[in-house]
Amino acid sequence: MEVLNHLFAGLAIAVQPYHLLLITFGGVLGTIVGMLPGLGPATGVAVLLPITFSMSPTAALITMAGVYYGAMFGGSRSSILINTPGDGAALAATFDGYPMAMNGKAESALAISAIASFIGGLISVVFLIMLATPVAKFALKFGPAEYFLLMVTALSMTASMSKGNMVKGFISTIFGLMIATVGIDAQSGISRFTFGVLELQTGIDFLVVIIGLYALGEVFKAFKAIKEGKKVPQTKFGKIWITKEEWKKTWLPILRSTPLGFIVGALPGAGGTMASLMAYNNEKQLSKDSDAFGKGEIVGLAAPEAANNAASVGAFIPMLTLGIPGSGTTAIMMGALLMLGIQPGPLLFTQHPDVAWGLIASMIIGNFILAIVNIPMAGLLVRVLAVPPKILYPLVLGLAFVGTYAISNSIVDFYILIIFGILGYFMEKIKIPTAPMILAVIVGGTMEQSFRQATRIADGSLGIFVESPLAKALILITIISVAYPAIKKIVSKLFKKTGSAQA
Amino acid sequence: MENNKKTTNYDFLTGIISVVVGIIYGVLSYNIKRSPMGNPLAPSMFPLILAACMIIFGVILILKSDLESTKRAFQKSKEMATENDRHSQRMIAATVVASLVYALILERFGYVISTVIFMMAMLTITNGQKWVKNSIVALLFSGIVYYIFFYLLGISLPMTPFINL
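Quick mapping for you: the protein sequence lines, in order, are chains A and B. Once you know that position 22 of the first sequence is 22 in the UniProt record's numbering, the rest is easy, because the numbers rise by one and skip nothing. Once you know that position 161 of the second sequence is 161 in the UniProt record's numbering, the rest is easy, because the numbers rise by one and skip nothing.
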């Protein structure tokens, strides 16, 4: 019952008025950011970053977490009302959410998406509570070789799951690792790839890379939308709630989609978009009335909404317990923690239980606050959708610059920010995923250190990487994750062949 | 492979860029100063592995794609570009210029003045020449941000010369 003690201690931290205020602030801000087209949780957290520099680690983390799951609540608002997902994870909510609103059921749609988000989020926090300590304890057994392999596994999974193609995912990963090698080498004191620029000796700050890609790059991509005219959302609503029949239809899909979303979220690289799409397809297949999907079927809205909130909670598992962020948003949070002098990973739970458990407890409270914010106050919130993007985007840019300056007080970072903003735009053009690169930039430094520690322990032999059973298991997982798409292709081809042979 | 004729992508180009990046990075890695202690190649080891991987993945991408698709992609983007695309590209270029100017003037003019200039420029790019509205937004933004950072968060931003605000 040690876990319960920790949880209650965490709750005591989370209910302090200052923290309650931050949870609400983060959650509402996240809801708003999530609603605005083109801006997702990663952009929200990136822009918010500088504010957290003066906070305690606990306060910083609960605020950012609030933004993260708040965005999962908010993302569906614009999907339902204007058929424009606020972020990728809310894409599935357009399939049935928008038709529901067109059928005059906007109230039910807004209510069920918030209810599903709430249930999905809350149950996932329970999973997180049960899993966090065992995973962290297990991770303590990792030596440098296993830790290196774990990062290789996480990066390969991210690359192989990235949209588009796997090879480009790997190119993105390697490029990120290359960026991480810039600066003075921690072990020998030799500067690498600095080209004589003094400011580069401390390395390229990954926070600047992230703000560049997620704030500047996203705004660049969104410029197109300015001219494309604005859709006006419905702002007058009846009572935002669902009927008994609707609840009867949706409670089981919500409960089914939650664990699915949580697991997908915990896997590196998968995240909310994949979780919600999987939940949608899953329910469509299970449904007796699968033709109704896409025409305003309430189940088709409830399932993905539960799944993406569950995924946002699941994403905390690798970040908190292993020190390996599984998504862009958790990567930024990890960056903020490192900045505040806290190293996420297996030792976090023993060295800083207040931070870890304060965060977990805050998510329980946050889900209740957001349910209140998103159901009775939905009509008020959607007015934010009326803020013209042409005013909004300059504000995001202004915040990105001030945030960058606050990180290191250096103008050189401005140039790096601009370079990565442009890079983010072009990577989208030639369809190279950015997520693998971001994860690589963050874990790159630690990865190289573990690699060198391991080879030093083994006197330069690489055999240490295949020695322990754990290492072998990790290599196996890596191979499977890389080969999986190919295997799937071959299997489906075989099926097709036998199918056509029979016909 | 009939449908191959219609595919448009930049994979061939991306592959070439990856190989070039890999080679340049590899040469730079090899030329890193040798470590005075321990294995002299230790600081270059990991970068060299990365360079090799980058070249390998670049070559795989080249082999999987063909030059024609990339040519088609460029042609298509030229032909299909709408007025809107060109407009957004001009906006991006203008934003980059405004950002570079911002970087140049920030430490000379101080945060508040440079930011008002930058925000005015940005709002003119996105919102058009609505001077009154733009100036109000720009002034409010830089004033509020400066107040929050300097007084509430205790993060110092470049001060305005002469009046030390």
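Possibly wrong hints are sitting among the right ones.
[What the hints assert, rightly or not] Below, computed lysine to aspartate or glutamate pairings styled on DMTMM-like, alpha-carbon distance capped at 25 Å: (1) B:Lys-78 <-> B:Glu-68; (2) B:Lys-130 <-> B:Asp-85; (3) A:Lys-288 <-> A:Asp-354; (4) B:Lys-71 <-> A:Glu-428; (5) A:Lys-431 <-> B:Glu-107; (6) B:Lys-71 <-> B:Asp-85; (7) B:Lys-78 <-> A:Glu-246; (8) A:Lys-284 <-> A:Glu-2; (9) A:Lys-244 <-> B:Asp-66; (10) B:Lys-76 <-> A:Glu-2; (11) A:Lys-248 <-> B:Glu-68; (12) A:Lys-431 <-> B:Asp-85; (13) A:Lys-221 <-> B:Glu-107; (14) A:Lys-224 <-> B:Glu-68; (15) A:Lys-141 <-> A:Asp-459; (16) A:Lys-141 <-> A:Asp-289; (17) A:Lys-224 <-> B:Asp-66; (18) A:Lys-489 <-> B:Asp-85; (19) A:Lys-236 <-> B:Asp-66; (20) A:Lys-249 <-> A:Asp-459; (21) A:Lys-429 <-> B:Glu-79; (22) A:Lys-429 <-> B:Asp-85; (23) A:Lys-431 <-> B:Glu-79; (24) A:Lys-224 <-> A:Glu-428; (25) A:Lys-221 <-> B:Glu-79; (26) A:Lys-429 <-> B:Glu-107; (27) A:Lys-248 <-> A:Glu-199; (28) A:Lys-390 <-> B:Glu-68; (29) B:Lys-33 <-> A:Glu-245; (30) A:Lys-493 <-> B:Glu-83; (31) A:Lys-236 <-> A:Glu-246; (32) B:Lys-64 <-> A:Glu-428; (33) A:Lys-224 <-> B:Asp-85; (34) A:Lys-390 <-> B:Asp-85; (35) A:Lys-493 <-> B:Asp-85; (36) A:Lys-472 <-> A:Glu-428; (37) B:Lys-33 <-> A:Asp-459; (38) A:Lys-244 <-> A:Asp-289; (39) A:Lys-239 <-> B:Asp-66.
Derived from the structure by calculation, the hints contain no laboratory data.
Comparing the hints with the structure gives:
no.	hint	result
1	B:Lys-78 <-> B:Glu-68	holds (15 Å)
2	B:Lys-130 <-> B:Asp-85	holds (23 Å)
3	A:Lys-288 <-> A:Asp-354	violated (47 Å)
4	B:Lys-71 <-> A:Glu-428	holds (18 Å)
5	A:Lys-431 <-> B:Glu-107	violated (37 Å)
6	B:Lys-71 <-> B:Asp-85	holds (19 Å)
7	B:Lys-78 <-> A:Glu-246	violated (50 Å)
8	A:Lys-284 <-> A:Glu-2	violated (41 Å)
9	A:Lys-244 <-> B:Asp-66	violated (57 Å)
10	B:Lys-76 <-> A:Glu-2	violated (62 Å)
11	A:Lys-248 <-> B:Glu-68	violated (55 Å)
12	A:Lys-431 <-> B:Asp-85	holds (17 Å)
13	A:Lys-221 <-> B:Glu-107	violated (29 Å)
14	A:Lys-224 <-> B:Glu-68	violated (28 Å)
15	A:Lys-141 <-> A:Asp-459	holds (21 Å)
16	A:Lys-141 <-> A:Asp-289	violated (49 Å)
17	A:Lys-224 <-> B:Asp-66	violated (30 Å)
18	A:Lys-489 <-> B:Asp-85	violated (36 Å)
19	A:Lys-236 <-> B:Asp-66	violated (54 Å)
20	A:Lys-249 <-> A:Asp-459	violated (62 Å)
21	A:Lys-429 <-> B:Glu-79	holds (16 Å)
22	A:Lys-429 <-> B:Asp-85	holds (12 Å)
23	A:Lys-431 <-> B:Glu-79	holds (19 Å)
24	A:Lys-224 <-> A:Glu-428	holds (14 Å)
25	A:Lys-221 <-> B:Glu-79	holds (20 Å)
26	A:Lys-429 <-> B:Glu-107	violated (34 Å)
27	A:Lys-248 <-> A:Glu-199	violated (60 Å)
28	A:Lys-390 <-> B:Glu-68	violated (38 Å)
29	B:Lys-33 <-> A:Glu-245	violated (72 Å)
30	A:Lys-493 <-> B:Glu-83	violated (43 Å)
31	A:Lys-236 <-> A:Glu-246	holds (22 Å)
32	B:Lys-64 <-> A:Glu-428	holds (20 Å)
33	A:Lys-224 <-> B:Asp-85	holds (7 Å)
34	A:Lys-390 <-> B:Asp-85	holds (16 Å)
35	A:Lys-493 <-> B:Asp-85	violated (39 Å)
36	A:Lys-472 <-> A:Glu-428	violated (36 Å)
37	B:Lys-33 <-> A:Asp-459	holds (22 Å)
38	A:Lys-244 <-> A:Asp-289	holds (19 Å)
39	A:Lys-239 <-> B:Asp-66	violated (57 Å)
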